[in-house]
Each structure stands twice: as structure tokens, then as C-alpha cells.
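Chains A and B supply the protein sequences, listed in that same order. At position 89 of the first sequence the residue is numbered 89 (this note's numbering), and the sequence of numbers has no breaks. At position 9 of the second sequence the residue is numbered 9 (this note's numbering), and the sequence of numbers has no breaks.
There may be inaccurate statements among the hints.
Stated by the list, open to error - Okay, derived cross-link-like pairs now, DSS-like style, lysine-lysine, Cα gap no bigger than 25 Å in a straight line:
#	chain 1	residue 1	chain 2	residue 2
1	B	K55	A	K38
2	B	K98	B	K35
3	B	K69	A	K38
To be verified - Cβ-to-Cβ under 8 Å is the rule here; a few derived chain A residues that face chain B:
#	residue
4	D25
5	I26
6	T29
7	R32
8	I46
9	T115
10	C117
11	L127
12	V142
13	R146
14	V148
15	V155
Stated by the list, open to error - Distance ranges between label pairs, derived from CB positions:
#	chain 1	residue 1	chain 2	residue 2	range
16	A	M170	B	H28	22 to 30 Å
17	A	A193	B	A19	19 to 27 Å
18	A	E161	B	A19	17 to 25 Å
19	B	P32	A	L40	43 to 51 Å
20	A	R163	B	A19	17 to 25 Å
Quick caveat, the hints were computed from the structure, so don't treat them as lab data. The beta-carbon is built from N, C-alpha and C at its ideal position, and this holds for glycine as well.
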Amino acid sequence: MSPHDHDHDHAHAEIAPSERPGYYDIMETAVRELLIDKGLFGADEIRRQIEVLDSRTPALGAKVVARAWIDPDFRARLLANGRAACEELGISFYDDTQLIVLENTETVHNLIVCTLCSCYPRPVLGLPPDWYKNKPYRARAVIEPRAVLAEFGTVIPDGVEIRVSDSTAMVRFLVLPRRPDGTDAYDEEQLAALVTRDAMIGVVPASIAAGRS
Amino acid sequence: MSPSENLVRRLPNDIGGLAAEPVQRVEHELEPWEKRCHALADVLDFHKIINTEEKRRGVEALGAEMVGKLTYYERWIVAFANILFQKGVLTPGELARKMDEVEARWSASTESE
Numbered sequence: 001m002s003p004h005d006h007d008h009d010h011a012h013a014e015i016a017p018s019e020r021p022g023y024y025d026i027m028e029t030a031v032r033e034l035l036i037d038k039g040l041f042g043a044d045e046i047r048r049q050i051e052v053l054d055s056r057t058p059a060l061g062a063k064v065v066a067r068a069w070i071d072p073d074f075r076a077r078l079l080a081n082g083r084a085a086c087e088e089l090g091i092s093f094y095d096d097t098q099l100i101v102l103e104n105t106e107t108v109h110n111l112i113v114c115t116l117c118s119c120y121p122r123p124v125l126g127l128p129p130d131w132y133k134n135k136p137y138r139a140r141a142v143i144e145p146r147a148v149l150a151e152f153g154t155v156i157p158d159g160v161e162i163r164v165s166d167s168t169a170m171v172r173f174l175v176l177p178r179r180p181d182g183t184d185a186y187d188e189e190q191l192a193a194l195v196t197r198d199a200m201i202g203v204v205p206a207s208i209a210a211g212r213s
Numbered sequence: 001m002s003p004s005e006n007l008v009r010r011l012p013n014d015i016g017g018l019a020a021e022p023v024q025r026v027e028h029e030l031e032p033w034e035k036r037c038h039a040l041a042d043v044l045d046f047h048k049i050i051n052t053e054e055k056r057r058g059v060e061a062l063g064a065e066m067v068g069k070l071t072y073y074e075r076w077i078v079a080f081a082n083i084l085f086q087k088g089v090l091t092p093g094e095l096a097r098k099m100d101e102v103e104a105r106w107s108a109s110t111e112s113e
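Could you put together the complete structure from these sequences and hints?
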């Protein structure tokens, strides 16, 4: 048994507003205040960044995917340079990361992971779910993706190649799922509602049934 | 391979390809301090004080036991403190005094209610 088989997803205690702040909560406040006191950045920058984080949800990625489904020129630009195409839709990148968009086809299914930590296309999807950051997904996605996908209820036919892309600090990925059958009459907004976060990670397909209500 | 060879070959973060449990599809809403910690990480990166890769290595440098026992953002804030000590931006004594002050402030605020 390796020393890091221990799982990382601990339950979090219920926090009531009046509860004594925990050790790490106090440490965060102390580090932040010291750095602000030293003039390294302003308190307003932290507040602004919290607002930025709150503004990033999978709805942004869904908008990108829906546009790619209805506009072949946009789709081509998106696949050529993910970041520039997202910025075209008004989605700013608040960091230095590049975005590579991976297109699912009849013959290729893409899955994204970060085996070393938790790199994720945050500007377009927001923060990653805990399971993306925990050991089982990170360890196994690269070696037995079909088994991992099956745990999400996704069965990919043997004839379809599965490509797993491992993210880095500087390069992030987003899956462009296949447009579900039977959606020819859907407008862009209706299409976007079918695109879930998990479909853009690649663990499930986009589908009429799985769409956000 | 002996257990010690495993330690040499793989640092705590390097888990791609290892056997592991089934995926538990867990999620949680970030606690307020966790969200502040994330915003702090981004601001440290913007100002080139600690970048993403330094943060990742800082977490790895905590060692397997702490990586295993601390939660995600607990690892981040401890790594930030260590990196800031190494860079000479903060000293351990300074941080300890500030943490006492933050805790005392909280105690005072609850007594006055």
C-alpha cells in the first residue's frame, strides 16, 4: 500500500456563523491581512476576485458549446484557439491559462483530468467538483477511463477511441460534446440548456434527458 | 517494488495511473474561508507572488502525511504560509502573532454581543 492511499475528501463540519473560526480559517485571515498590511495587494482585490469566482458557472461553457453547435465558423475558431473564441463571446480569462477545446465525434470520446492536482477550465466552468480533485478520479481516469465512465453511467462503445487529456498549470481543456439527436429545431438557448458541466468534463454525454432544467 | 522505492518514484501528488477506489461523486459548497482562500491564491498569482506551479509544489512539499490528512484548501493555506516564509515575505513569528490577534478579535466580538 502506498502512503497516500488515504482519501482526501473529509466531511466538513457544519459551520454556524457564531462558531469559533477554525485554525485554517484563522490562518487564511492572518496571511491575507499581513500581505495587505505590507502593501502587496489591496483588500478590494480579494473582494473583486471572489465576485469573479462567483460569476463563473458551467452556464458560460454551455453557451460556448451551443454556439459551436450552430455556427461552424465559430466552431472552427474555437477548436483552433479556445481562449480567443471564448473571449469573442465576452468570457474573460482572469489568468494566464490557455484553453484547448476537444471535440467529441462518432469515433472519439474525450475526457479531461488533472492527475497532479486540480487544474480545470475555471474561467468557463467555475470551480471543479470535489470528485474531480479526489484521488479515485485522478488516479484512474488515465488508466481505466472506460471503468471510470461506467461509474458515471456512461458506456462508450468499444469501437470509439477514448482520449484522456491531463491538464497542467498553463494548459486547460474543455470537451465539446456531440450535439444530441432530435435537436434540429432547438434554438441556441435551448441547446445550451442541454449542456451540463459533466458533459464538458467528458464524463457524460450531452443529452435531452440530462439537460439542466 | 519496496515501499521505500515507491516513495522515491512518486511524490504525493503523482497519483495518475495508480489503483484506487470507485469514484464517489461528492461535491460541497465552499465555506466562506475556502472561497477567500481561493481568491487569495488567484491574487497571489496575479501579483507573481506565488504562481500555480509554485503552489502545487508547495502542497507536495507538505509530505504524504499532511497531503493525506488536510483538506484541499487547508493544504493550500499551509503551503502559502511555507512559501511566504521561504521567500522572506513573512516570518513564522509574525504569522503566529497575527493569528493570535485574529482569534482574540473574534473572541472580543462575541463577548460584546
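> So which hints don't hold here, by number, going up?
Replying inline: 3, 13, 15, 17 and 19
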